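Visitor: Chain residues, written in single-letter form:
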Amino acid sequence: MTKTILALKGMSCAACANAAEAAIQQVPGVHQAQVNFAAEQASVTYDHHSTSVAAIAAAIAEAGYQAAEIEAFSASRKQDDRPTQLGRVVVSGLIGAVLVIGTLPIMLGIPIPGWPMIFHNAWLQLVLATPVLLWCGQSFFVGAWKAFTRRSANMNTLVALGTGTAYLYSLFVTVFPQVLVTQGLKPNVYYEAAVVIIALLLLGRYLENRARGHTSDAIRQLIGLQPNTARVIRQGTECDISIESVVVGDIVVVRPGEKIPVDGEVVAGSSTVDESMVTGESLPVEKRAGETVIGATINKTGSFRFRAARVGKDTVLAQIVQLVQAAQGSKAPIQKLADQVTGWFVPMVIAIAITTFLLWFNFTGNTTLSLLTTVGVLIIACPCALGLATPTSIMVGTGKGAENGILIKDAESLELAHKIHTLVLDKTGTLTQGNPVVTDYVTVQTWTERYQSTGVAAPRFSPSRSSEIEVLRLAAAVEKASEHPLATAVVNYAVSRGVDIFSPVTDFQAVVGSGVQGIVNGQQVHIGTSAWMRSLNILTIDMPQQQTWEQAAKTTVWIAINGKAAGLMAIADEIKPSSPQVVLTLQRMGLEVIMLTGDNPQTAAAIAKSAGIQRYFANVRPDQKATYVQQLQSEGRLVAMVGDGINDAPALAQADVGISIGTGTDIAIAASDITLISGDLGGIVTAIRLSKATMANIRQNLFFAFVYNVVGIPVAAGILYPVLGWLLNPMIAGAAMAFSSVSVVTNALRLRNFRGIPQ
Amino acid sequence: MRLTYILGSIGLVVALASPALANVQETIHQPLPLRLGITFMGIGLIVLELWWFLRQPRR
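As you go down the protein sequences, you meet chains A and W in turn.
Using my numbering, you'd call the opening residue of the first sequence number -8 and step up by one each time.
Using my numbering, you'd call the opening residue of the second sequence number 59 and step up by one each time.
Hint data in this document are derived by calculation from the structure and do not stem from the laboratory.
If you're wondering where the values come from, they're calculated on a predicted model, not measured in any experiment.
Beta carbons are placed, not taken as given, at the ideal position from N, Cα and C, and that holds for glycine.
Hints are not guaranteed to be accurate.
[Stated by the list, open to error] On the chain W side, residues computed to face chain A include the following (Cβ under 7 Å): (1) Arg93; (2) Glu107; (3) Leu108.
[Unchecked claim] Ranges of calculated distance between the beta carbons of each label pair, as one might list FRET restraints: (4) A:Asn219 / W:Leu106: 44 to 52 Å; (5) A:Phe163 / W:Leu106: 19 to 27 Å; (6) W:Gln88 / A:Lys327: 20 to 28 Å; (7) A:Pro19 / W:Gln88: 34 to 42 Å; (8) A:Leu117 / W:His87: 24 to 32 Å; (9) A:Pro168 / W:His87: 17 to 25 Å; (10) A:Thr75 / W:Gln88: 44 to 52 Å; (11) A:Asn744 / W:Gln88: 54 to 62 Å; (12) A:Thr75 / W:Glu84: 38 to 46 Å; (13) A:Glu235 / W:Leu106: 31 to 39 Å.
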């Protein structure tokens, strides 16, 4: 399956988005399609053997819209047609003003002495109004006709019907005034209503587009982070080249204060780098030889050289941009309501408008009054605000997340995050630093000889005796074959003690969640948990140190040589400084925080206590994590899982919301719904708060959109007339409709003021 | 946000309170056959319009 994002043009409301989506889904080979009206983009998953982007674009064109593939890492995908729009707004506005002012005495029904009567001439009004309808309002009529031929109805249908009715009625009165006069009616024309409605709707659309442009500010800002040039060493000399010319392997020179052009690995020099724009981490990070640097981050005081490792669309920044673009184009479940409504909304409004005409005609016999109320209903009911309500907030919300170092995969994840009841934290690398170190080590022989008789607890041990070094050498040789963080800790410990770790290992085997085994110099070595040792029938001795270390939140592992317990190690993984505070904040937000760990209950209890976590699951094998998440879900809870390792991927996928730590593995990130680019857990709090703020914003928008239609349609139909004598002027209906869209977009832009917690 | 609510409320109030159709609110006697004819035509138009737009199964 191939996924692509297409930029769409020509949509005017949510009904258009539905029509475009349906057109894409009818293309054979298209697996999934989502059209976002606010972002004006379609996210399409298709089988590239069965169809192509060209075929999908052709289907969209057939439906009446234009589509073009968005190039990766491109912000300037949309051609700005606002100047043309503004021209039409100005022309229609000026003519509308002239007509309204010129016909004021007629509209008010009272003569104004000295008022120029030239504009009362119906033929002059016809001459002025015609270009407004045919040129300024062209898009409404063309759009309506295209939709009609496809048997669909949208905002253009309503506008075209409303203004077209007012214009054609006026044209009839202009050409045959005597028809009305003979019926005892005044031959009034309503060209000004048609013109002003078009002017107001065009103004509303212009303001809406301008405001909507700000919803994708985050993408523009992200792309703007990248410098245009890079200083590389070519043929022994430094030269400035464009960023597009940098290739993998180039040695790039970065001076103090400069932006790092692409991703790479430092080869010489050192410095501190401000990575806040990508990770959200406010403190500068130290960079030395061997460490990775991220493109678009800012070098502070030092100077260094690095080897370009990822360029163009492979850089971290480009991937973030792609992810944010995809998220902004996705649909939140809450939007389904708006989609379902808009599907039948416009045809129903037309039916209501005709009913309005029939009722007024039967009760008053006044054709003019019946027609104007009908026009009012058609104009005020345009569903564009309804279509904008959800996607505008999602666009600003996901963009705001990226600004705070939180990458949200899709709108559904953003929506779900605020409903979470339970947060499951993986211990290693999530709650803790993920860099375990051996803190204590004792061999059975030493303990038996030195401490068993005296009962004195073993102090921090530094191996010196040959037996101790030998056990450590064997353990390190086996652990060297493993990639587990605890294995790395054992190897590092051995290296720091000057022990040879290069003995060859055969028959190496890692037993998930238990330990590792292998043969070194003909000796069978097992390193792992007490439980595993028992299952192997290896007798471990009862050392008081083991309990002491475990109570101090350390993980203990036994080393057995040839089936006999030979040594015990304590490995500690420091809790991240921010973890207790984040756990407390999450608990105050009403979430239950649960820890999953492979440690034994004693160690797990100690770690949970220091992090402020009440509930934990100990002795959890990596393959059991997803089962625990499933178990919590079966209790009716909405569960979020936070993890960083490959072994967390199934649990991240199983959880309702999977949150990965950006410093973790690519697999975990791929399996998650939300990625915290920096390793800071504070991002979880920010993500949940952002989700809450976005959903509140969407509800406000839906309220705005619904209230305009629910209140506006009956009022425009004249429901208040029998009680208060009020009737809605179609021009006011046009203003209210235009304002509803602008107010929805403006409200969504308030989310830009969201502030995450400082990391 | 408050400004948006205020502007929204003003927009609604203005829309609700507009008395600009005062000059066309007169009752005119129309013959019954014409009223019946217009009503049946209108109902027919509603049915035709709903059939045209909603007949196709929507997603």
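Visitor: Indicate, hint by hint, whether the structure satisfies it.
Guide: So, going through the hints one by one against the coordinates:
{"no.": "1", "hint": "Arg93", "verdict": "5 Å, holds"}
{"no.": "2", "hint": "Glu107", "verdict": "5 Å, holds"}
{"no.": "3", "hint": "Leu108", "verdict": "6 Å, holds"}
{"no.": "4", "hint": "A:Asn219 / W:Leu106: 44 to 52 Å", "verdict": "60 Å, violated"}
{"no.": "5", "hint": "A:Phe163 / W:Leu106: 19 to 27 Å", "verdict": "22 Å, holds"}
{"no.": "6", "hint": "W:Gln88 / A:Lys327: 20 to 28 Å", "verdict": "45 Å, violated"}
{"no.": "7", "hint": "A:Pro19 / W:Gln88: 34 to 42 Å", "verdict": "55 Å, violated"}
{"no.": "8", "hint": "A:Leu117 / W:His87: 24 to 32 Å", "verdict": "30 Å, holds"}
{"no.": "9", "hint": "A:Pro168 / W:His87: 17 to 25 Å", "verdict": "21 Å, holds"}
{"no.": "10", "hint": "A:Thr75 / W:Gln88: 44 to 52 Å", "verdict": "46 Å, holds"}
{"no.": "11", "hint": "A:Asn744 / W:Gln88: 54 to 62 Å", "verdict": "57 Å, holds"}
{"no.": "12", "hint": "A:Thr75 / W:Glu84: 38 to 46 Å", "verdict": "43 Å, holds"}
{"no.": "13", "hint": "A:Glu235 / W:Leu106: 31 to 39 Å", "verdict": "58 Å, violated"}
The structure shown violates the earlier hints numbered 4, 6, 7, 13.
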